[in-house]
Amino acid sequence: MRNRKRLIRILLYALLLIVFCVYVTPIWYIVTTSFKLERDAYAIPPKVFFVPTLANYFDAFSGRGMGHNFFNSLVVSSVSSVLALLLGTPAAYALSRFEFKKKESIFFWFLSTRMAPFILAGLPVYLLSKQIGLYDTRTLLVIMDMLINLAWVVWMMRSFFDDIPPDIDEACMVDGCSRTSALFRVILPLATPGLVASTIFCLIMSWNEYFFAMILTSFNAQTLPAAISSFLTVYGLLWGQMAAAGTVIAIPIMVFVFFMQKHIIRGLTMGAVKS
Amino acid sequence: MEAEQRYRRILRIKDKHYVALFLAPAIAALILLTIYPMLYSLKISFFNWNLTVPGSQNQFVGLQNYAEILKHGEFWHSLWITICFTFFSVLFCMVIGTSLAFLMFQNLKGASIVRTFVISAMVIAPIIVGTAWRLMYNPGWGLINYFLSVAGIGGRPFLAQASTVLPALIVVDVWEWSPLVMVIVLAGLQGLSPEVYESARVDGASRWQTFIHITLPLLKPALLLSLLIRTMDAFRTFDTIYAMTGGGPGRSSENLNILMYNTAFEYFQVSKAASMALLSLIVITVICTLIFRVFRRNEGEAQ
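Chains as they are written, first to last, in my numbering: chain A, 283 to 557; chain B, 9 to 311.
Certain hints may be false.
[Claimed, not checked] Once the Cα atoms are required to be at most 30 Å apart in a straight line, the calculated DSBU-like pairs of lysine-lysine come out as: (1) B:Lys-24 <-> A:Lys-384; (2) B:Lys-79 <-> B:Lys-51; (3) B:Lys-117 <-> A:Lys-384; (4) B:Lys-228 <-> A:Lys-544; (5) B:Lys-24 <-> A:Lys-544; (6) A:Lys-383 <-> B:Lys-228; (7) A:Lys-385 <-> B:Lys-79; (8) B:Lys-117 <-> A:Lys-385; (9) A:Lys-287 <-> B:Lys-117; (10) B:Lys-51 <-> A:Lys-412; (11) B:Lys-24 <-> A:Lys-383; (12) A:Lys-384 <-> B:Lys-79.
[Unchecked claim] FRET-style restraints, in silico, Cβ to Cβ: (13) B:Gly-258 <-> A:Lys-287: 36 to 44 Å; (14) A:Lys-287 <-> B:Arg-259: 30 to 38 Å; (15) B:Phe-113 <-> A:Ile-414: 46 to 54 Å.
Since the hints were made in silico from the structure, they are not lab data.
C-beta atoms are modelled at their ideal positions from N, C-alpha and C, and glycine is treated no differently.
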């Protein structure tokens, strides 16, 4: 019996090791490719030890102006996240605290933005933006990313608010403060973990967003992920630079995961554990 | 007591103003960015707008776009590919993700580090995931074909063959999104109380019985949520497929999203693309409603 338990334990550890390898390999592969010279990258068998070079990064950033894309990515993801939180948090609070007609339909409406094919919103916005001159501006991308994030914010923040007993708001209001100040002074500080989780989520989603960035920009407002597609088509063979760009996009997110894992998990699972 | 109740009633009346105040901005954004584009799509779907033909946006054709789409094979072909992709990807994601959750639940040393890397797969930009796997699948110097040749199995250009491209893409999607199922199910597992298991053990239930009759039913909300999210997302996969194959070879990995993108931005037939988008919205709505209904009905029986 003890032997069998031990065997199961060993098998579980072997399984864990396999899972680790399966998940680390692609990430390791793209990161190392970005530091390899072309002859090392194409070597068979793959070189584990090689002389690292920054040539790909240099080419991508100074040669192809990826610094500009990096700046766009930073601006678009931070501004759109702030906007999504500003619009989504009060809405989530209203959905959590108040009773009104069609409440659940409104909630479902927010979630349904996750269901619609991208092109359903993307195509009309593309056509209209060309007419009104918003095409290829950061403003337009900020608005679109905010829309994508709004559903997440409303969904997550609602479950966080649901966890705070409504008695607290009411006690605060009996003491003479208004709804707004109850929300901002008392409830929001209590929901800080939720705000952190939602912020992280918004940042990740808009940092990674590709489809709208690709169809709604051409140069001025092009973000990092959209810049990747120029390697994919015209310069389809520049694997090293592509890997460098990919690494630059992935590393901030990886750092986020390492330090904020708890918040990310909590944000994802708030609705799951209860509903 | 009565005074307090009266006070609460007054609060509730006052709240009506706050509902509007708090919800209005978000709803305004939602109308502007979902309802309006949807109506716009509906409108242009009745015309014969081709971006390369000037004046074609005023050519009213009624339902001709829809008739053509339903008559020609490409929409049905892409729908079939989307459904196959979604079905197998979601199936494997659910099975593997749930297994991963149970593995992580075993209190193994080092599991938290492994979990961190597993989670990073789903937060790295999908376009980068696609790029990384395209590197790995490369027939000349990619890692996968190298491993296969070491194992003595002949490698092949997985992404360039019609017979292997879809399974190869499904592998990537499962790799990328099983972590989501894992995270949700793991949270569900951690929320279960140990007492339930103990009473089951006292009653003499085997491990397998406990799993089937106790754990799975209790995990149902978590499983339903991940099933719904995964189905919606798999149905509209774009980034990874676009990065790896662009819908090729031929049309063999052209799912609905790639087809609509190509129709609108490669062939500039925006009216046709809009009609396709509306049709595909109907399909995914029906699928999600069905999943929801089936689960709700089972829940009713269980109670």
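Quick rundown of the hints versus the structure:
1. B:Lys-24 <-> A:Lys-384: 14 Å, holds
2. B:Lys-79 <-> B:Lys-51: Distance of about 21 Å is within 30 Å: holds.
3. B:Lys-117 <-> A:Lys-384: 49 Å, violated
4. B:Lys-228 <-> A:Lys-544: 23 Å, holds
5. B:Lys-24 <-> A:Lys-544: 36 Å, violated
6. A:Lys-383 <-> B:Lys-228: 29 Å, holds
7. A:Lys-385 <-> B:Lys-79: The given pair, whose Cα atoms are some 40 Å apart, is violated under the 30 Å limit.
8. B:Lys-117 <-> A:Lys-385: Measuring from Cα to Cα gives roughly 46 Å; hence the hint is violated.
9. A:Lys-287 <-> B:Lys-117: 16 Å, holds
10. B:Lys-51 <-> A:Lys-412: 18 Å, holds
11. B:Lys-24 <-> A:Lys-383: Satisfied, since the Cα-Cα distance of roughly 11 Å is no more than 30 Å.
12. A:Lys-384 <-> B:Lys-79: Given pair Lys-384 (chain A), Lys-79 (chain B) is violated - Cα atoms ~39 Å apart, limit 30 Å.
13. B:Gly-258 <-> A:Lys-287: 36 to 44 Å: Since Gly-258 (chain B) and Lys-287 (chain A) have Cβ atoms about 53 Å apart, the given range 36 to 44 Å is violated.
14. A:Lys-287 <-> B:Arg-259: 30 to 38 Å: Check failed, 53 Å falls outside 30 to 38 Å.
15. B:Phe-113 <-> A:Ile-414: 46 to 54 Å: Once the Cβ atoms are compared, 53 Å apart, the range 46 to 54 Å for Ile-414 (chain A) and Phe-113 (chain B) holds.
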